[in-house]
Amino acid sequence: MTTSVQRYHSLSIVLHWSIALALLFMFASGLYMVNADISKADQYRLFQIHKASGVLVLWALILRIGTRLFTSSPTLPDALNQQQAFNAKLGHICLYIALVTMPLSGWLMVSASPFGLPTFVFVDWIKWPNIPGVARNKSIETIANNVHWVTASVLATMIAGHVSALVWHKKKHNINLISRMWWNKK
Amino acid sequence: MKTSLNRICLKKMLSMRMLLPFSIVMYSCLGNQNTHAGLQSSHQSGSVAFSGQHAGMYFEGKFERWQATLILPPQSNPNITATFYMRSAKTGDSIYDSTLPEFDWFDVKNHALGSFVSTEIEMTEEGYQVLGDLTIKNITRPVSFMLTDSQDQLSTSFGINRLDYKIGWESDPDAEWVSKTIFISIMIKK
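Residue numbers (the numbering used here), protein chains in the order written: chain A, -19 to 166; chain B, 494 to 683.
Just to be clear, a hint being listed does not mean it is correct.
Claimed, not checked - Here are the computed distance ranges between Cβ atoms for each label pair:
1) 657/B - 140/A: 46 to 54 Å
2) 587/B - -6/A: 57 to 65 Å
3) 102/A - 654/B: 51 to 59 Å
4) 0/A - 542/B: 41 to 49 Å
Said to hold, decoys possible - Quick look at which bits of chain B chain A covers, simulated, 3 or more residues with Cβ under 8 Å:
5) 610 to 616
6) 628 to 639
7) 654 to 668
No lab work stands behind these hints: they were computed from the structure.
Where a beta carbon is used, it is the ideal one built from N, C-alpha and C, also for glycine.
Input sequences plus hints: build the corresponding full structure.
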């Protein structure tokens, strides 16, 4: 007899909430550095921080997906019907795709940028390489830029949907889904 | 026969042993050598620095490898020649130092050396008024500067337009981020 787990793996939980916080910062810094009336020096510094943080988010996502694939996940509550379970699965897959597309499109944009600036991940000894073969390619930079912004908008909408679904299930069916993504009380 | 050969070898070895300390002394003097042929200078005895603005922030760096020969008036045929290794340009900022060697900036793969050759040197009260050709990335442009002569050193500072040398030509042609004018400061110990 096998017993299904009640929550995600601890590493998944840590990564889930870390990425959630990081995304808040990435959205805020991304919008601020492009739209706010700030000095060139601050804009430049914020770009470098945004780039370095993006690399960390990408690493965290890879680890998160790896943990998700190689550890047991809690099954969905029986109270959810087949359609709702399907929607939940589809929603999560779309979330993962959008999450991964964000740093990848940012990486491509930086690699194809006419500035050709390298990315140091907060310290001089971690230099994240640019994607080879696209250096100073204006067309690719434009495409990557558009993908980055469109995906950001889609991702923000999906995150809103993700949180809304959580609240809706709690209110409508009294299902506490968030307990799957936190450490249960004993 | 064998003995005489041995003697010759011994003599040669002795003479080389005597020459060795002399060579070391000569080599150590090369960093700043004031001979009848002119003043020899290099990164060991002087500095070639550059500075400008990026994103409104002041930056400066220096060439860590360069050499120059100066024959100054009243010597006959006065001239100045200098060679600097573009790859040796360092600012201490990792992003700048990684970017400078690239194609759009110094393009060190294709243009390892920069050079200066004087075309006219005139002695003045303060020092020397120098005209010459500065070559970077195989592009030569005339420059002029006042080489100030103080007791123990020669120094100058002058600006160049980086776009004249196609430095950052694709990245920032409108000087939106990096200033057009880059100042070169040179100090040579006499």
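Structure-based check of each hint:
The beta-carbon spacing between residue 657/B and residue 140/A, approximately 52 Å, falls within the hinted interval of 46 to 54 Å. Residue 587/B and residue -6/A have their C-beta atoms about 30 Å apart, which leaves the hinted 57 to 65 Å range violated. Between residue 102/A and residue 654/B the beta carbon distance is about 35 Å. The supplied range of 51 to 59 Å is therefore violated. A C-beta distance of roughly 47 Å is found between residue 0/A and residue 542/B, which places it inside the suggested range of 41 to 49 Å.
A stretch counts as covered by a chain when three or more of its residues have a beta carbon under 8 Å from one of that chain; for the segment 610 to 616 of chain B and chain A the count is 0, and the coverage is violated. For the segment 628 to 639 of chain B, the stated coverage by chain A is violated: 0 residues have a C-beta nearer than 8 Å to a C-beta of that chain, whereas at least 3 were required. For the segment 654 to 668 of chain B, the assignment as covered by chain A holds, since 3 residues bring a beta-carbon within under 8 Å of that chain's beta-carbons and 3 suffice.
In terms of the numbered hints stated before, the structure departs from hints 2, 3, 5 and 6, listed from lowest to highest.
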